[in-house]
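Chemist: Take a look at the letters that make up each chain.
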Amino acid sequence: MTEGRRSGGLIQVGLPTWIYLPAMVGALFVIVPLVAILLKIDWPNFIPLITSESSRAALVLSLKTATASTAVCVLIGVPMALVLARGRFPGKSVLRALLLLPLVLPPVVGGIALLYTFGRQGLLGHQLQLLGIRIAFSTTAVVLAQSFVSLPFLVVSLEGALRTAGTNYENIAATLGGRPTTVLRTVTLPLVIPGLMSGAVLAFARSLGEFGATLTFAGSLQGVTRTLPLEIYLQRETDPDAAVALSLLLIVVAALIVIASASHRLAGPV
Amino acid sequence: MRSIFSVAVAALGAAALVASCSSSQTDTASTTTGSAPPAPTSITGDITVFAAASLKATFTELGAQMEKDNPGTKVTFNFAGSSDLVTQLTQGAPADVFASADTNNMTKAVDAGLVANDPVNFATNTLTIVTPPGNPKQIASFADLAKPGTQVVVCAPQVPCGSATEKVEQATGVTLTPVSEESAVTDVLGKITSGQADAGLVYVTDAKGAGDKVSAVPFPESSGAVNTYPIAVLKESKNPAAAQKFVELVTGPEGQKVLAAAGFAAP
Numbered sequence: 027m028t029e030g031r032r033s034g035g036l037i038q039v040g041l042p043t044w045i046y047l048p049a050m051v052g053a054l055f056v057i058v059p060l061v062a063i064l065l066k067i068d069w070p071n072f073i074p075l076i077t078s079e080s081s082r083a084a085l086v087l088s089l090k091t092a093t094a095s096t097a098v099c100v101l102i103g104v105p106m107a108l109v110l111a112r113g114r115f116p117g118k119s120v121l122r123a124l125l126l127l128p129l130v131l132p133p134v135v136g137g138i139a140l141l142y143t144f145g146r147q148g149l150l151g152h153q154l155q156l157l158g159i160r161i162a163f164s165t166t167a168v169v170l171a172q173s174f175v176s177l178p179f180l181v182v183s184l185e186g187a188l189r190t191a192g193t194n195y196e197n198i199a200a201t202l203g204g205r206p207t208t209v210l211r212t213v214t215l216p217l218v219i220p221g222l223m224s225g226a227v228l229a230f231a232r233s234l235g236e237f238g239a240t241l242t243f244a245g246s247l248q249g250v251t252r253t254l255p256l257e258i259y260l261q262r263e264t265d266p267d268a269a270v271a272l273s274l275l276l277i278v279v280a281a282l283i284v285i286a287s288a289s290h291r292l293a294g295p296v
Numbered sequence: 514m515r516s517i518f519s520v521a522v523a524a525l526g527a528a529a530l531v532a533s534c535s536s537s538q539t540d541t542a543s544t545t546t547g548s549a550p551p552a553p554t555s556i557t558g559d560i561t562v563f564a565a566a567s568l569k570a571t572f573t574e575l576g577a578q579m580e581k582d583n584p585g586t587k588v589t590f591n592f593a594g595s596s597d598l599v600t601q602l603t604q605g606a607p608a609d610v611f612a613s614a615d616t617n618n619m620t621k622a623v624d625a626g627l628v629a630n631d632p633v634n635f636a637t638n639t640l641t642i643v644t645p646p647g648n649p650k651q652i653a654s655f656a657d658l659a660k661p662g663t664q665v666v667v668c669a670p671q672v673p674c675g676s677a678t679e680k681v682e683q684a685t686g687v688t689l690t691p692v693s694e695e696s697a698v699t700d701v702l703g704k705i706t707s708g709q710a711d712a713g714l715v716y717v718t719d720a721k722g723a724g725d726k727v728s729a730v731p732f733p734e735s736s737g738a739v740n741t742y743p744i745a746v747l748k749e750s751k752n753p754a755a756a757q758k759f760v761e762l763v764t765g766p767e768g769q770k771v772l773a774a775a776g777f778a779a780p
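Keeping their order, the protein sequence lines are chains A and B. Under my numbering, the residue at position 190 of the first sequence is numbered 216, and the numbers go up by one with no gaps. Under my numbering, the residue at position 62 of the second sequence is numbered 575, and the numbers go up by one with no gaps.
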């Protein structure tokens with residue numbers, strides 16, 4: 027990391043001018059579709075469209091489930107990141123690759139995998155049924171689907187922060203007599219709070235956008251499992267104006283998340 | 514290229530004229546002109562067919578049949594939800610034929626000025642109850658779906674199979690409380706084949722296509738909600754002769770046989 031800063035005294039190399047052209051094409055590729063949505067909005071009816079009963083139910087459900095999924099990701103993702111960054115055991119790289127697989131997996135595949143795990147006839151379905159727990163078609167299924175696809179985002183981002191922070195402070199704390207739990211609580215975690223925050227924000231954003239796994243695993247019922255992306259997909263069938271209005275709503279929420287995440291990143295020691 | 518094509522069309526028209534004249538004279542004359550026409554009358558080239566997802570199996574078979582009957586033709590399909598297809602066509606997707614799973618979406622295509630001639634109805638489809646194999650909850654009628662503790666999955670009212678479901682509910686006075694309202698009939702079927710729900714409402718053809726992965730429970734009230742499938746050649750077609758040929762194949766005896774085998778009823 028320190029090598030990149032060895033330019034003291036030398037002339038700084040600027041970017042070749044031509045690089046701006048492909049970069050601009052790339053930027054337009056991202057920005058133009060967003061503008062297209064803005065132009066397509068039926069502004070006079072925008073508020074009624076996004077405040078209809080089904081839209082409100084979908085937004086509330088999306089925010090609730092994404093929050094719950096983020097909590098699940100933090101609870102199990104922080105220990106996972108710690109073990110991957112600091113732990114020493116055979117087969118770690120293989121395990122790491124496996125755990126991060128949902129990152130590159132199509133969400134619909136995740137949905138099918140969850141179906142055959144927690145579904146009625148899934149691997150754990152019978153045991154769950156004996157306990158009287160029904161996961162399919164419930165809000166729990168939505169949270170499971172979102173957590174499954176979001177977890178790697180939190181783990182990767184926190185693991186990266188842990189590696190960047192290094193172990194120097196932890197070792198010093200240990201030499202001063204700190205027990206592992208004390209060191210973790212008072213040194214390690216406070217150092218990586220910014221990394222944890224941006225990981226959590228990413229997980230929340232990914233949960234909010236989750237579509238494929240939810241559709242496959244949880245079903246679609248207003249107020250129970252039909253989150254905002256599913257509502258958009260359904261509205262598109264009969265009411266494209268509503269679908270576009272809800273898309274803008276999701277873009278606005280996503281933009282707020284990106285801004286929040288950026289401000290955390292600026293505050294962080296990167 | 515275009516002039517050669519128009520010459521071919523003119524020749525085709527002339528041949529047809531000759532054929533119709535001669536057929537009035539003797540029956541044998543018409544069979545010979547029909548079976549061994551000169552080269553310009555044969556259909557060649559590529560066509561793209563936009564068809565409702567429920568037509569995938571039957572149309573794939575008929576496409577292969579068309580390619581076999583008319584060497585030099587190539588039929589490419591785009592299978593999706595009918596409303597998605599109309600959206601794609603309205604946005605300028607190039608296609609020669611559109612087959613919709615309901616009249617509603619075909620009307621949208623006609624209203625958008627996409628269709629070259631009047632759509633022809635070629636099949637109908639009705640709803641059926643499907644359950645996991647063996648019908649473990651012993652569902653025997655539409656009313657049984659409303660029994661407490663029965664987990665039913667249906668299509669959302671926004672999609673054709675869901676509006677058919679609503680019609681049946683109104684006709685029977687039975688109100689369902691589904692655990693999920695899916696946006697595609699295939700998603701309903703998936704929830705049944707994977708054993709997630711006790712019963713679902715899908716089209717007869719979906720149930721037939723799923724084979725022994727589901728048990729079908731027909732119910733008489735389904736006749737109250739019949740979905741009609743129209744097909745039409747599109748205005749933007751680059752190969753209207755081949756497109757028309759495909760429409761004729763679908764609406765003709767051969768097409769009707771394939772559709773009937775898949776569970777479709779005649780219009």
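Don't read these hints as lab results, they were simulated from the structure. One or more of the hints may lead you astray.
[What the hints assert, rightly or not] A few chain A residues that face chain B, going by a derived Cβ cut-off under 10 Å, partial list only:
#1 Ile138
#2 Ala139
#3 Arg146
#4 Gly148
#5 Leu156
#6 Leu157
#7 Gly158
#8 Arg160
#9 Thr166
#10 Arg205
#11 Thr214
#12 Gly245
#13 Leu247
#14 Leu260
#15 Glu263
#16 Thr264
What you are looking at is a predicted structure, and each value in this text was computed from that prediction instead of being measured. The C-beta atom is built at its ideal place from N, Cα and C for all residues, glycine as well.
Chemist: So which of those numbered hints doesn't the model satisfy?
Modeler: 2, 5, 6, 7, 9, 10 and 11
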